[in-house]
Structures are given as C-alpha cells and as structure tokens.
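Those protein sequence lines, which keep their order, are chains A and B.
For reference, each letter of the first sequence is one residue, going 1 to 277 in my numbering.
For reference, each letter of the second sequence is one residue, going 278 to 626 in my numbering.
Do not take every clue at face value.
Heads up, simulated BS3-like pairs for lysine-lysine below, C-alpha to C-alpha not over 30 Å straight-line [stated by the list, open to error]: (1) Lys149(A) with Lys227(A); (2) Lys133(A) with Lys16(A); (3) Lys90(A) with Lys149(A); (4) Lys340(B) with Lys227(A); (5) Lys226(A) with Lys340(B); (6) Lys238(A) with Lys621(B); (7) Lys208(A) with Lys510(B); (8) Lys117(A) with Lys133(A); (9) Lys510(B) with Lys275(A).
One-sided and incomplete, this derived list gives chain B residues near chain A with beta-carbon spacing under 8 Å [what the hints assert, rightly or not]: (10) Asp335; (11) Ile339; (12) Gln341; (13) Ile349; (14) Pro350; (15) Gly410; (16) Ser454; (17) Ser458; (18) Tyr462; (19) Asp467; (20) Ser471; (21) Phe474; (22) Thr481.
Label-pair restraints from in silico Cβ distances [unchecked claim]: (23) Gly173(A) with Ser319(B): 48 to 58 Å; (24) Leu459(B) with Lys275(A): 42 to 52 Å; (25) Gly173(A) with Val591(B): 21 to 31 Å; (26) Met452(B) with Lys22(A): 47 to 57 Å; (27) Lys621(B) with Arg73(A): 20 to 30 Å; (28) Pro466(B) with Lys110(A): 53 to 63 Å; (29) Lys275(A) with Ser319(B): 49 to 59 Å; (30) Arg73(A) with Met452(B): 55 to 65 Å; (31) Leu522(B) with Lys226(A): 18 to 28 Å; (32) Leu303(B) with Gln151(A): 22 to 32 Å.
Keep in mind that the hints were calculated from the coordinates and are not lab data.
It should be emphasised that the depicted structure is a prediction, and the values quoted were computed from it without experimental measurement.
Don't be surprised by glycine CBs; every beta carbon is placed ideally from N, CA and C.
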Amino acid sequence: MVVSLLFGHCSFGQEKSGKDIKRIIALAPHAVELLYMLGAGDRIIATTEYADYPAAANDIPRIGGYAGIQLERVLELEPDLIIAWEGGNKEQDIQQMQALGLPLYLSKTKDLDDIPKEMLALGKLLGLNENGKSAANEFNNTLKQLRAKYQSKQPIKVFYQLWSEPLRAMAAGSWINELITSCGGVNIFSDMSLDYPQVSIETVLVQKPDVIIIPSHHGSKIEAGKKWSSWPEISAVKHDQIYYINGDILHRFSGRILQGMQAVCDSLESARQFKTE
Amino acid sequence: MAILVLRITIMTRILFYICASLLLILFTVISAVSFGAANISSGDVLSVLSQGLGFDSDVSEIKQRIILELRIPRFILAFLTGAGLSLAGAVLQTVTRNPLADPYLFGIASGASFGAVLVIASISAGVTGMAIGQIGITAGAFIGAAFSVLIVLTLSGRRVQIERMLLAGVAVSFMFSAGTSLVLYASDPDVSASLLFWTLGSFTRANWGNLLLPSCVIIGCLILFIGYARILKAVLAGDETARTLGVNVTRLRMGMLLLSSLMTATLVANTGGIGFVGLMIPHIVRRILHTRQQYLLLACTLFGGIFMVWVDVVARTLVENNELPIGVITAAIGSVFFLMVLRKRSWID
Numbered sequence: 001m002v003v004s005l006l007f008g009h010c011s012f013g014q015e016k017s018g019k020d021i022k023r024i025i026a027l028a029p030h031a032v033e034l035l036y037m038l039g040a041g042d043r044i045i046a047t048t049e050y051a052d053y054p055a056a057a058n059d060i061p062r063i064g065g066y067a068g069i070q071l072e073r074v075l076e077l078e079p080d081l082i083i084a085w086e087g088g089n090k091e092q093d094i095q096q097m098q099a100l101g102l103p104l105y106l107s108k109t110k111d112l113d114d115i116p117k118e119m120l121a122l123g124k125l126l127g128l129n130e131n132g133k134s135a136a137n138e139f140n141n142t143l144k145q146l147r148a149k150y151q152s153k154q155p156i157k158v159f160y161q162l163w164s165e166p167l168r169a170m171a172a173g174s175w176i177n178e179l180i181t182s183c184g185g186v187n188i189f190s191d192m193s194l195d196y197p198q199v200s201i202e203t204v205l206v207q208k209p210d211v212i213i214i215p216s217h218h219g220s221k222i223e224a225g226k227k228w229s230s231w232p233e234i235s236a237v238k239h240d241q242i243y244y245i246n247g248d249i250l251h252r253f254s255g256r257i258l259q260g261m262q263a264v265c266d267s268l269e270s271a272r273q274f275k276t277e
Numbered sequence: 278m279a280i281l282v283l284r285i286t287i288m289t290r291i292l293f294y295i296c297a298s299l300l301l302i303l304f305t306v307i308s309a310v311s312f313g314a315a316n317i318s319s320g321d322v323l324s325v326l327s328q329g330l331g332f333d334s335d336v337s338e339i340k341q342r343i344i345l346e347l348r349i350p351r352f353i354l355a356f357l358t359g360a361g362l363s364l365a366g367a368v369l370q371t372v373t374r375n376p377l378a379d380p381y382l383f384g385i386a387s388g389a390s391f392g393a394v395l396v397i398a399s400i401s402a403g404v405t406g407m408a409i410g411q412i413g414i415t416a417g418a419f420i421g422a423a424f425s426v427l428i429v430l431t432l433s434g435r436r437v438q439i440e441r442m443l444l445a446g447v448a449v450s451f452m453f454s455a456g457t458s459l460v461l462y463a464s465d466p467d468v469s470a471s472l473l474f475w476t477l478g479s480f481t482r483a484n485w486g487n488l489l490l491p492s493c494v495i496i497g498c499l500i501l502f503i504g505y506a507r508i509l510k511a512v513l514a515g516d517e518t519a520r521t522l523g524v525n526v527t528r529l530r531m532g533m534l535l536l537s538s539l540m541t542a543t544l545v546a547n548t549g550g551i552g553f554v555g556l557m558i559p560h561i562v563r564r565i566l567h568t569r570q571q572y573l574l575l576a577c578t579l580f581g582g583i584f585m586v587w588v589d590v591v592a593r594t595l596v597e598n599n600e601l602p603i604g605v606i607t608a609a610i611g612s613v614f615f616l617m618v619l620r621k622r623s624w625i626d
C-alpha cells in the first residue's frame, strides 16, 4: 500500500488532450515559435531564456535556461503539457520529468523534414489539426520550391563558421549541411567524423571556400569575419563573399528556418557569379 | 697544467652542448613546422627559412605565408610556453625544496586563469572595451597569480613550512577554480564555450603581434634566474645554511615566486591552462643531467620548449583536420608521470 502510494500514483494530474490543454510549458525557443505559429501561443505559461520570437514571447515567465530548468517551478505551475527538447534540454531534467510522470512531449527534430512532422504532431495534440496541416503543407511547398530552384545549380564550396573562438565548423549529419546541399553548395568539412569539428585557419586555407557563412548572435559579427581579411587567397575573401546570417533563424527548428535557408541560397547564388568568371 | 686541461675540457663540453642545442632546435623547427593540414615538406620549411639568409626560394606564395604567418608564430608560442612553464617549475622546486612544486600546484595558474577569465568575460559582456586586449588579460592574470602567491605565503607562516605551503597552494587553487567556474556559469552560452575552450589550453591565437610580450617576459626572467643561480643553489641547502651565507631567504623566495607568477600569468593569458609541464620537465632534466644550477635552468628551458612544440604537433595531427586542446594532452602525460614519481621515491626528505 505504502509502496504504491510512493511509486504508483506519483503522476501529477490527469492526462489532457486537444483543446483541454490550456497550460503549456515550452522548454525550447523553437517550441515557442511553433506554438505561436499553430495559434497556441496564448496557452504558454512558462518557457526558457532566449525564447524571443515572436515579440509577445518575451513576456512569458522564464523558468530555466542553458544551465538547466527549475523543476520545482515546473511542478508548481501544474502544466497540462510540457514540450521538452531532446538534445537541447539537459538529459537529467528530461529523465526527472519522465520519472515524475509529468505530461511530456519530446521534440526530437534533427533535420528539415522533421519540422513539418512536428507541426502535424503538435497540431494534432493540441486540437489544432487544420492549423498543423496548413503550416506543414506551406513548409513542405516552400522547401520543395527552394530545392527545385537551387539544389542542382553549379556547386559552390561553403565554409560554415559555426564559431570563431575556437574556430568550429559543422560536419555532415547536421541540418546545416542539409541546408547547404539543398542550396547547391558543398560543405568543405562534410567528411569530418565529429559533428562540430574544431578546425584551423590553415585547414580552411587548404579548402579555399567560395563563400563563408557566419551565423550571427547578439551583433558580435564583425570580429568573427575579421580574421579572414589577411587571406585573399581564399576566393570568398577575395570577392567579399562573407555573409552574416541570423543564427537564431538558422539554428531553430521552426518555420523561420526556411527564411534562413533562403538567405543561405542567396549568398551562394551571389558567390556563383564569381565562379563563372 | 692540470687545471688548464680541465678548463679546456669544460669549455669544449660547453661548446658541444651549445652546438647540440642549436642543432636540436633547428631540427625541431624544420620537422615540427612541416606538420599540418596544408601539404608542406621539411624541404619547403628549410627553403623558406633560408630565404631569410638571402637564398632564393621556389616555394609557392601561399605556402610561404602559411609557414611564416601561421606555423612559425605558433611554433614560437608553443616553445615559449613550454620553456616558461618548465623554468617556473624548476625555480619553484628549488626555492621551496619540493620536487613536486609547479605553477599549478601552488595555485598560481588557477589565480592567473581566474584573473584572465574575468577580464575576457567582461570584454565579451561589453563591460570593458575590446581595446584592453592582450595587456589587459595579462594584467588580470598577473593580479590573480600574485594574489594567490600572497595568500599562500601568508598561510605558510613566518618560517615557511614547505608542507603547509603546498597545502595552502592546493586550497587556493580550489578557491580560484571555483571562481572561474562561477564566471563560466554566469556568462552567455557562446562566451562560456569560448572560455571553456580557452581554459583547456591552445596555441590557435598565435601571431607575430602577440608574441612580443611573452618573449620579453620569459627571456627577461631567464636572465634574472641565471643571474641568481648561485643564490638559488644556497637555498637548496636549507634556509638556515642560506641565511648564514648572507641570503635574505624570505625576500628571495617572495621575489622568485612573483617572477614565476609573472611568467605563468603571461603564458596563461595567451594560451590558457596547460598543466604538469612545469612539474615534469625539471624532473626529467635533473635526472639526466647532473650539472650546475644555471645549466639546469637553461636545459629546462630548452627541453620544455621542445617538448611543448611536439605536444602541439600531436594536438594538431592526432585527429585529422581537428585540433585537440593542449592542456588535455599535457595533463594526460603529466599525471601518469606524477604517479610514477610518487611511486619511485619518497618525496618528503
């Protein structure tokens, strides 16, 4: 009896579904964006730091961030649904929420095609089936159009400068690699064994990329590209083909990622004119 | 007559050592600089280096620039780091008469790291301007290092007890590490990722511009230490003996600790945390060479430098197109060495 009291009934509240889910805790910026897109933004009662889009999201109370979430606050808020991010939220936090029997939806997005699937799944879960379907359709159509337009164009060598100190690239298997190839580019570090390899100026010099893409955060962009100015041997530097693209758009699995993709395709397209010369 | 013969033998021996050292350095430059992502041979390196002596070089311009602007500055920074840390270790081991002393054990390096991390984080957060750069980070590191020396010396009592000093060093080291962790925790994720990488040690930021300060500090300290070599030797015989020989032991120890802190701080500010070199190299050198204090210090500088250059080669080439943190490799080698030393000899003597 005591054992069952302790372990058997430790789930909090009843599992709700559809329109009954009124109190959502979204533990990732992309989850907040998706919820607003589906028309469920007003149901979010708490989120984490950096969830800043759309502007209304800035007013949602914060219960955690990069270093982890405050589990007690999660319990106290009595959510009907928690959206956590596998790979983004801390593994221990997710495990503890699972152990406590909290109503958890795990976002497991890894590549572009997962995004419309998530739109459909969340739409279904929240009783917003139609919104989910139309959002997913729109996403799929735009993605298809972009791929059709750019994928088979003349290949362009791309260096994606994920980080400048230390210098880090993104290898194959990442959605960034997928973005680049969909735009008809070739990621110069796609054959590396690690996901986010640390590279040196020299390795980039050897590969001679046609374009360098730097995701920018908090406006620290000029410093990141400055180190290349003394290396005109790289054609991206010679032809001034270094592009800063909003990292929040490129690194979040929401609908906006296609805006980022358009920006990547545009920069590759602009580098192509120097390639044909 | 016998004295003359002895003198000549000593002179030829010194000459031999100097030539051997120069050859060793030349060999290290030519072979170590030829490792890297771009396909550059030892012949290319030799050709580019001989260009400075007026010979023609047919190496392509891009390779020349890679050698001169990326690899050689990095080589020099690695050499200076190994040399400086070994020298600091050798001096600390002498003035404390503790064979296990090194800049990391006395909390000097963690004090320096804390100071540097604090300055870097405040630059990133926009509290202070970018302009304070290298000098500011070095100054921050030195203040941190000097502070930890002061705490350690205060805690080790008026008549410095070596064991107390070591324990105080460990405690201070933990204290400053906690401070560093706190700064890392409080920073933005991208800033703290950069800081974390920095604390693991790296030579990626080497360029001609930021080599001046560490070179001046290390060469200056080396000259001072060699000048003081005889007095250092007296301290090695015990505080009492040194005092009867007219050495102000307390002041000397303080001065040597501060100079070691200055070297460590300059290196930490430029390369981050690279441990165990200061412990390991002096040990090995002392085991191989049984010679005078000043030659020991010189040998530590030389071997420390060469050792670090090869550690860097390993870091750059172990995983293809990927760089490993230097501190991880030195700590891996050094900790095993530390255990071996502990096993082989009882060190409280």
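Against the structure, the hints:
1. Lys149(A) with Lys227(A): Violated, at about 33 Å.
2. Lys133(A) with Lys16(A): Given pair Lys133(A), Lys16(A) holds - Cα atoms ~21 Å apart, limit 30 Å.
3. Lys90(A) with Lys149(A): Violated, at roughly 39 Å.
4. Lys340(B) with Lys227(A): This hinted pair holds, its Cα atoms lying about 18 Å apart.
5. Lys226(A) with Lys340(B): Roughly 21 Å separates the two Cα atoms, so the pair holds.
6. Lys238(A) with Lys621(B): Roughly 59 Å separates the two Cα atoms, so the pair is violated.
7. Lys208(A) with Lys510(B): 56 Å, violated
8. Lys117(A) with Lys133(A): 9 Å, holds
9. Lys510(B) with Lys275(A): It is violated: about 68 Å lies between the C-alpha atoms, which goes past 30 Å.
10. Asp335: Not OK, violated: Asp335(B) not within 8 Å of chain A, min 18 Å.
11. Ile339: 5 Å, holds
12. Gln341: The hint is violated - Gln341(B) has no Cβ within 8 Å of chain A, the shortest such distance being about 11 Å.
13. Ile349: This interface hint is violated because 12 Å lies over the 8 Å limit.
14. Pro350: Because about 11 Å separates Pro350(B) from the closest Cβ in chain A, which is outside the 8 Å limit, the hint is violated.
15. Gly410: 12 Å, violated
16. Ser454: At 18 Å from the nearest chain A Cβ, Ser454(B) fails the 8 Å test, so the hint is violated.
17. Ser458: 11 Å, violated
18. Tyr462: 6 Å, holds
19. Asp467: Because about 6 Å separates Asp467(B) from the closest Cβ in chain A, which is inside the 8 Å limit, the hint holds.
20. Ser471: Nearest chain A Cβ about 5 Å off; hint holds.
21. Phe474: 5 Å, holds
22. Thr481: 6 Å, holds
23. Gly173(A) with Ser319(B): 48 to 58 Å: 36 Å, violated
24. Leu459(B) with Lys275(A): 42 to 52 Å: Since Leu459(B) and Lys275(A) have Cβ atoms about 49 Å apart, the given range 42 to 52 Å holds.
25. Gly173(A) with Val591(B): 21 to 31 Å: With a Cβ separation near 27 Å, Gly173(A) and Val591(B) satisfy 21 to 31 Å, so the hint holds.
26. Met452(B) with Lys22(A): 47 to 57 Å: 49 Å, holds
27. Lys621(B) with Arg73(A): 20 to 30 Å: For Arg73(A) against Lys621(B), whose Cβ atoms are near 55 Å apart, the range 20 to 30 Å is violated.
28. Pro466(B) with Lys110(A): 53 to 63 Å: Distance hint for Pro466(B), Lys110(A) is violated at roughly 20 Å.
29. Lys275(A) with Ser319(B): 49 to 59 Å: At roughly 35 Å between Cβ atoms, Ser319(B) and Lys275(A) fall outside 49 to 59 Å, so the hint is violated.
30. Arg73(A) with Met452(B): 55 to 65 Å: About 32 Å separates the Cβ atoms of Arg73(A) and Met452(B), which means 55 to 65 Å is violated.
31. Leu522(B) with Lys226(A): 18 to 28 Å: 56 Å, violated
32. Leu303(B) with Gln151(A): 22 to 32 Å: At roughly 53 Å between Cβ atoms, Gln151(A) and Leu303(B) fall outside 22 to 32 Å, so the hint is violated.
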